[in-house]
Structure formats: structure tokens, C-alpha cells
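A.B. asks: The chain contents come next:
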Amino acid sequence: MTTAGSGSGAGDVEALARQYFSAWGDALRHAAAAPGHTGGPEGQDSWQQAIDGWARMMPNAASGPADEAVHRFREQAGGWYGTMQQVAAQFAGRDTTSADVAQAWRKAVLGQGDGLLQWMLQGARGHTHPEGPDLLQLLETLQRQLGPWLQSPAFGPGREHQARWQALLRAQQEYQAHSRDYVEQIRQALDDAFTLFEQRLAEHEQPGNQLTSARAMFDLWIDAAEEAYAKVALSEPFQTVYASLGNAQMRLRAATQQEIERLTESFGLPTRTEMDAAHRRIAELERLVRRMASGAGAARTDAGSATQSAGANKAGAKKAGAKKAAPGKAAPKQGKAAAAARAAAAPVSTPKASRPAAKPAAAGKRAGNASTPGKAAKPSTKPRKRSA
Amino acid sequence: MKGPLGFNAEDLLQETLAMQRKLMDGLRLLPSVDDVDYGVTTREEIWRDGKVTLYRFVGTEAPVHRTPLLIVYALVNRPYMVDLQTDRSLVQKLLALGHDVYVLDWGYPDRSERYQTLEDYLLRFVDGAVDHLQARNGGNPINMLGICQGGVFALCYAALRQAKLANLITMVTPVDFHTPDNMLSHWARQVDVDLLVDTLGNIPADLMNASYLMLKPFRLNVQKYVGLLDILDDKDALEDFLRMEKWIFDSPDLAGEAFRDFIKQFYQGNGLMHDGVRIGEETVDLQQVTLPVLNIYAEQDHLVPPDASRALRGRIGSTDYTESSFRGGHIGIYVSGRAQREVPATITGWLNERAQ
Numbered sequence: 001m002t003t004a005g006s007g008s009g010a011g012d013v014e015a016l017a018r019q020y021f022s023a024w025g026d027a028l029r030h031a032a033a034a035p036g037h038t039g040g041p042e043g044q045d046s047w048q049q050a051i052d053g054w055a056r057m058m059p060n061a062a063s064g065p066a067d068e069a070v071h072r073f074r075e076q077a078g079g080w081y082g083t084m085q086q087v088a089a090q091f092a093g094r095d096t097t098s099a100d101v102a103q104a105w106r107k108a109v110l111g112q113g114d115g116l117l118q119w120m121l122q123g124a125r126g127h128t129h130p131e132g133p134d135l136l137q138l139l140e141t142l143q144r145q146l147g148p149w150l151q152s153p154a155f156g157p158g159r160e161h162q163a164r165w166q167a168l169l170r171a172q173q174e175y176q177a178h179s180r181d182y183v184e185q186i187r188q189a190l191d192d193a194f195t196l197f198e199q200r201l202a203e204h205e206q207p208g209n210q211l212t213s214a215r216a217m218f219d220l221w222i223d224a225a226e227e228a229y230a231k232v233a234l235s236e237p238f239q240t241v242y243a244s245l246g247n248a249q250m251r252l253r254a255a256t257q258q259e260i261e262r263l264t265e266s267f268g269l270p271t272r273t274e275m276d277a278a279h280r281r282i283a284e285l286e287r288l289v290r291r292m293a294s295g296a297g298a299a300r301t302d303a304g305s306a307t308q309s310a311g312a313n314k315a316g317a318k319k320a321g322a323k324k325a326a327p328g329k330a331a332p333k334q335g336k337a338a339a340a341a342r343a344a345a346a347p348v349s350t351p352k353a354s355r356p357a358a359k360p361a362a363a364g365k366r367a368g369n370a371s372t373p374g375k376a377a378k379p380s381t382k383p384r385k386r387s388a
Numbered sequence: 389m390k391g392p393l394g395f396n397a398e399d400l401l402q403e404t405l406a407m408q409r410k411l412m413d414g415l416r417l418l419p420s421v422d423d424v425d426y427g428v429t430t431r432e433e434i435w436r437d438g439k440v441t442l443y444r445f446v447g448t449e450a451p452v453h454r455t456p457l458l459i460v461y462a463l464v465n466r467p468y469m470v471d472l473q474t475d476r477s478l479v480q481k482l483l484a485l486g487h488d489v490y491v492l493d494w495g496y497p498d499r500s501e502r503y504q505t506l507e508d509y510l511l512r513f514v515d516g517a518v519d520h521l522q523a524r525n526g527g528n529p530i531n532m533l534g535i536c537q538g539g540v541f542a543l544c545y546a547a548l549r550q551a552k553l554a555n556l557i558t559m560v561t562p563v564d565f566h567t568p569d570n571m572l573s574h575w576a577r578q579v580d581v582d583l584l585v586d587t588l589g590n591i592p593a594d595l596m597n598a599s600y601l602m603l604k605p606f607r608l609n610v611q612k613y614v615g616l617l618d619i620l621d622d623k624d625a626l627e628d629f630l631r632m633e634k635w636i637f638d639s640p641d642l643a644g645e646a647f648r649d650f651i652k653q654f655y656q657g658n659g660l661m662h663d664g665v666r667i668g669e670e671t672v673d674l675q676q677v678t679l680p681v682l683n684i685y686a687e688q689d690h691l692v693p694p695d696a697s698r699a700l701r702g703r704i705g706s707t708d709y710t711e712s713s714f715r716g717g718h719i720g721i722y723v724s725g726r727a728q729r730e731v732p733a734t735i736t737g738w739l740n741e742r743a744q
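The listed protein sequences correspond, in order, to chains A and B. Counting along the first sequence from 1, when you hit position 253 you're at 253 in the working numbering, and nothing is skipped either side. Counting along the second sequence from 1, when you hit position 196 you're at 584 in the working numbering, and nothing is skipped either side.
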């Protein structure tokens, strides 16, 4: 395994890291030395450069969850924290007010546009899977290219096709409208959070209760932001906007999928709909078999109970026999078909060797009921994710 | 200094330098952290139906309690949370206390399982596993521990097949899905779940995870990763963090029909509060649950608010109902030090009283 601290390049890596960090420290010192300085983009840039550089220096060996955590730190968390450091630097060692600090924070966050909110707004941009295609971008391109044709009345042999495409683009426009409503809700939550942040800061103005680090400011902001967000997210308007956005997204996606199916079908490829139909039939058949099997089993149990009861207590035999007669008779009615169903539905009993439940082995195949006797016990591993 | 900030430029510089040192440490340490391992207890597969597997955990000592304890977990995450690592394993604690512990692993549904319904999950998989354990247990009823959504399954199952169970334990289990503080339910209320499932088929894990992260977006997306800075020089803590990350994002896609069923009947219909749940052709009547029930909930649970769990009181037919609260959150109840001390002991004490 390669590590940053080993090998001949380790010293270079450290030197490079120190170079980044030095620039970041200088920017902070500059902000602290300039009263009223807003912390501007240059300070934020130096922080971001330091964090980006740090992440780049991470060897490829840092993969899996470590890589993901570094990515999230850099993309989502780092920006917020770096911005808070800049704001803290403006006021370090000076008399100030909660209003001034809150205002500087608001300015610093909003000054980056949607930059710090990208991760929050992703859900409003059509992604159900991070690796999936950017559906909206694709449709916007199509709209630009096919605009005039799509806006004119549909007629002639291509009428139905044109009408479908027009409906698809209407779905896109509706989706964009709902997306804007959602973004507006998030902005509202953020606006409330700034107000609440100022109130929370004011609670720390008493000597002995002051915040003692940029990190403490940051944590206070997180508390305020969560509280403000929760209030908006639990409101009736948010519920409506959230559902409308999700529903619009699904309508758009369904219309898109329909067009893709038409295209693939025209090339003779099997479609999702056909596959689904087959899967549905299999599931229904499996369910039917299970119901028949459990019905047969219950009938046998009832019949067995009746026999046992009759044998155990002759005095009550007549009564018990009569009571159980109906279900007891049902078993022969189901007869061989039920017995065969029960056999087919029987899951696999697999007493077998134990093993430590450590890392999962590759799996993910659909394991049939009767296909795994004697198979070693392995925790399933998530199969490779599909694209959206 | 007047105002809310009590630090000067030198303090800030020292804070920054400390953070830079942590980042440098991380540069050395992070690459040496291998892909995290999880699931510490030896287990054996004893039954399988499709992708659903029943595992028996093997302790270092033979179980003292003869009645099997079956853990039924949620569909939305992997069940290895109950056996995450040596010092954070509900399973190991239960084994050490003498239980014979089993877990039902749902696997990772693919598109071919899209049409599996709640009926399939409860009356095929859960029931099949219970039958198998009963057979191993001389035909006697078993104990069931349902967790989160698995607790909902366990409650429904108990109402439908109570004779197969001796005792029921529900943990962080929602019963009233419409409490005012239930954000997830609040959002789901107006979603057209038919359109969602008809369009997506199975529900992608990433979509579910994005929704969960948006329940507390600033804490879960921002603050948590800033907190990573604090442990960049501590390999054990880093591995714990990454193991938890692995579990959080290692989510199966959800079988579409079961999802449709669950959202409609529970999140939207609040069926357990109105006796309106149907599993296949059968109606769930919680008054039919007359066996002993222990209901454990977390006091700071943001996914299943305490009131959502406590609503079970009075809704079941059982006169032997016990509630136990845990000071922690939805995840802490599996892995925190307090949980390791309190939860297995509570379960064991409660079961022992009923084994007399």
C-alpha cells in the first residue's frame, strides 16, 4: 500500500501541503489585520486551494469510504467551515456586536451565490442517482435544437410523435417551475437561519459566555441552521412543494423513459416494460404457489390435529372429527397439485459450516429457492449500482 | 472584547495551525486505513429463500436460553449494524448474556424482485424463517426482536401469526406515523407513490439516502465532515467513522411494490393507528397481539420520534406491555457505549422474567 508518509515523495508532499497551508494562514492573518475587511473571495480561495490540494495529495490508496469522506469534506463541509474562518478573522480581538457578525456571515455566504448550497439543491435538479445522466441538461439541449418543431401544432403522419414530445417538454417546464419553488423554500430556511444565528450569537455576549473559537461559531451556526430548516421543512407549504417537485420529477422521468423505450423497441431490443411484465408474472406465481402450499400445510395440520384429538379422547372423537371434517377434506381436494406446490415452494434449509462474518464476497445474483443447497454462508455484497 | 466573540487573532491562528496539523496527520493516516471491515461475530447460514438468508450467530459459549431470538431488521439498511464491530455489537452482548441469536438478512433486491410485496416479506420470508426456527426449537414458539421498520414487520407478523411467537421486542419502531415531529412522514404525505414506483421500479438507495440526509442537512452533510478533522490523527476513531459511513451508505434498493405498500399503508394511511393495514388477504388487528411486548425507543430519535413508538401503548391486546426508553438517538441505540450497557441487559432481564 502506498502511503503519503512513506517513500521518496513523502517530503515533497509535505512541502507542498505546507505551501498550501501557509497561503491559507497568510490569508487569515490578512483578514484579521484589516478591520472591516469582508473576508472576500481571496481568503475563501486560499482555504479552498489548501483543502483541494490536501485532497489531491491523498494517494489513490485512500479509496472506498475514506475517499468518499474526503470528497464530502471537500465538497460540502469545507466550504462552510472555511467561510466561517474568514468571518471569524474579521472580528478576532475586536469589539463587535451580534448583528455585525451575523451580517458579515450572511454576506459571506450569499456572496458565493448557490455555491455553498449545491448539495442541498441537487435533489431539485433531477438526480435520483449521482452517477446518472443529467436529465435536465439533456432535455434543455433537445429543446434548444428542436424548439420550433416542438412549438408548432402537431399534424400529419408524425402527429402522435410530435404530441408526445411536446408533452415531454411541458413536463420539463413544469418540473423546472416546481424546482424553483423548492429552491425558494430552501432560501427561506437559510434566511430564517441567518436571523436565528444573530439571536443565538446575542446569547453569548455576556462575559464568560463568549465564543472562543471559529469552530464554536461554526457549531452555533449549524444549530441555528438546523432549527430554522426544521421549521420550514415541517410546514404545510414545504410538504406541498416537496411532493409537487417529486411528482413532477417522476412525470418527466416517466415521459423520458417512454421515449427511450420506443427507441430501443424500434431496434428490436427488449424493453423495461417487457422485463417488468415477466417479473410480475413470476412474483405472482411464486405468491400463488406459496399460498397453495401454506393452505395445503394448514389443511394437513388441521387433519393431523383432528386425528390426534380423536385418538387421545375417544369420548370426544365424534365431535372433534366432525369439527375438523371440513378442512380435513380440503386437503385431498387440493391433492397432488398442492403437494407439488409445497415441494416447489420449500425454501432451502442450509445448516453448514460457520465462518467469520467479515468482508462480503461478491454476490448479488438472484438465488432461486432450490438453487443453493450447500452453498457457503457469505454475507451479500451490494452489486454494482445502476445508472439512473 | 465586547460582543459574542471572545478570541483574538493569535487564538484564531493557533486554531488554524492545530487544524493544519490534523490535516497533515490525515495525509499520512487516511491512506493507511484499509477498506473497513464489519460484522465481527461468526455466523452460519441455516436457511435461505431467494436472496433472504437466515443466519445464526455463533457465540464462544453455548446459549443458556433455549428459545431462539430472531432479529428482524429494516429493509432500508443492512442488518450488520447490530454486529458492527467488537465493542459495538448488540449481537455479541446478547450472545454473552446467553441468547441464541439469529438475524434475517434481506439481501440486495434487484429489478427481478420489484414485485415483492409486504405479503412476501412477512408471510413468505419472515414466516419461513420462523417456521424453520420453530422446527429447530422442537416446535415451540420463538422470541422476535424487530428493529425500526423491522419492528413494524414484527408487530404485523405477531398480529397475524402470534401462535409462533413467545415474546416480542420492538426497538425504535414507529407505530403512529403521523406525529407532528415526524419529518419523513410529513414529506411523504402528498407524494404520489404510485407514480414514483411505476416510474422507478425499485426505489434507488441513493434516493432514499438523499432523503435521510435532508432530514438534518447541515448536521449530516456539513458538521459531521468538519468533525472528521478532530479524528484525523486517531486511526481507531477514523476507522469507526468510516465503518459508520459504510453502513449509512451501503443501502439496498427497495423492492418497488413493498415500498408502495409501506408508504401507502403506514406513512400515508397511518394504518397501525386505524387498524387499516392489510398484508395480502389478511387484516392486521393489533388487538390480536396478546403476547408479552417490550417496546424500546430512543429519546432523541429524529427518524422515529419517541411519540411515534410510544403510541403502541394501548393499541395492542396484550396486558403484558413494557416500555423502555434509551437516552440517545436512532443510531446510538445500536452502537453507543450506553446502548451496549443498557439495551442487551434490558432485553435479557425482561425475557428472563417471562421465562420463569
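Check the hints yourself; a few may be wrong.
What the hints assert, rightly or not - Straight-line distance between alpha carbons at most 16 Å, and here's what the computed EDC-like set of lysine to aspartate or glutamate pairs gives: (1) B/Lys-634 / A/Glu-205; (2) B/Lys-410 / B/Asp-622; (3) B/Lys-390 / A/Glu-68; (4) A/Lys-231 / B/Asp-569; (5) B/Lys-390 / A/Glu-203.
Stated by the list, open to error - Reference listing, derived: stretches of chain A covered by chain B, where coverage requires no fewer than 3 residues with Cβ under 8 Å from a Cβ of chain B: (6) 82–89; (7) 105–114; (8) 152–163; (9) 172–179; (10) 262–273; (11) 276–286.
As the list claims (entries may be wrong) - If you want the ones that stay clear, here's a sample from chain A, every Cβ over 12 Å from chain B, calculated: (12) Met-57; (13) Thr-96; (14) Leu-138; (15) Gln-143; (16) Arg-144; (17) Leu-146; (18) Trp-149; (19) Gln-166; (20) Ala-167; (21) Leu-169; (22) Glu-203; (23) Ser-213; (24) Glu-236; (25) Ala-248.
Hints are computed from structural coordinates only; laboratory data are not their basis. Just so you know, these numbers come straight off a predicted model, no measurement behind them. Even glycine gets a Cβ: it sits at the ideal position worked out from N, Cα and C.
A.B. asks: Please go over all the hints and tell whether each is borne out by the structure.
C.D. replies: Each hint, compared with the structure:
1. B/Lys-634 / A/Glu-205: Given pair B/Lys-634, A/Glu-205 is violated - Cα atoms ~41 Å apart, limit 16 Å.
2. B/Lys-410 / B/Asp-622: Distance of about 10 Å is within 16 Å: holds.
3. B/Lys-390 / A/Glu-68: Status violated; Cα separation ~41 Å.
4. A/Lys-231 / B/Asp-569: holds, 10 Å
5. B/Lys-390 / A/Glu-203: Given that 16 Å is the threshold and the Cα spacing comes to 13 Å, the pair holds.
6. 82–89: holds (count 3)
7. 105–114: violated (count 0)
8. 152–163: violated (count 0)
9. 172–179: violated (count 0)
10. 262–273: Three-residue rule not met by the stretch 262–273 of chain A, so violated; n is 1.
11. 276–286: holds (count 7)
12. Met-57: Violated: least Cβ distance 6 Å, not greater than 12 Å.
13. Thr-96: violated, 4 Å
14. Leu-138: The assertion about A/Leu-138 holds, with a minimum of 17 Å to chain B.
15. Gln-143: holds, 21 Å
16. Arg-144: holds, 25 Å
17. Leu-146: Holds: least Cβ distance 23 Å, greater than 12 Å.
18. Trp-149: holds, 26 Å
19. Gln-166: It holds; A/Gln-166 is separated from chain B by about 20 Å at its closest Cβ, greater than 12 Å.
20. Ala-167: Holds, because the least Cβ-Cβ distance between A/Ala-167 and chain B comes to about 15 Å, which exceeds 12 Å.
21. Leu-169: For A/Leu-169, whose nearest Cβ neighbour in chain B is about 18 Å away, the distance exceeds 12 Å, so it holds.
22. Glu-203: violated, 8 Å
23. Ser-213: The claim breaks: A/Ser-213 does not keep its Cβ more than 12 Å from every Cβ of chain B (closest is about 5 Å).
24. Glu-236: violated, 9 Å
25. Ala-248: Given that some Cβ of chain B is not farther than 12 Å from that of A/Ala-248, nearest at about 10 Å, it is violated.
Violated hints, listed in ascending order, are 1, 3, 7, 8, 9, 10, 12, 13, 22, 23, 24, 25; each of the other numbered hints is respected by the structure.
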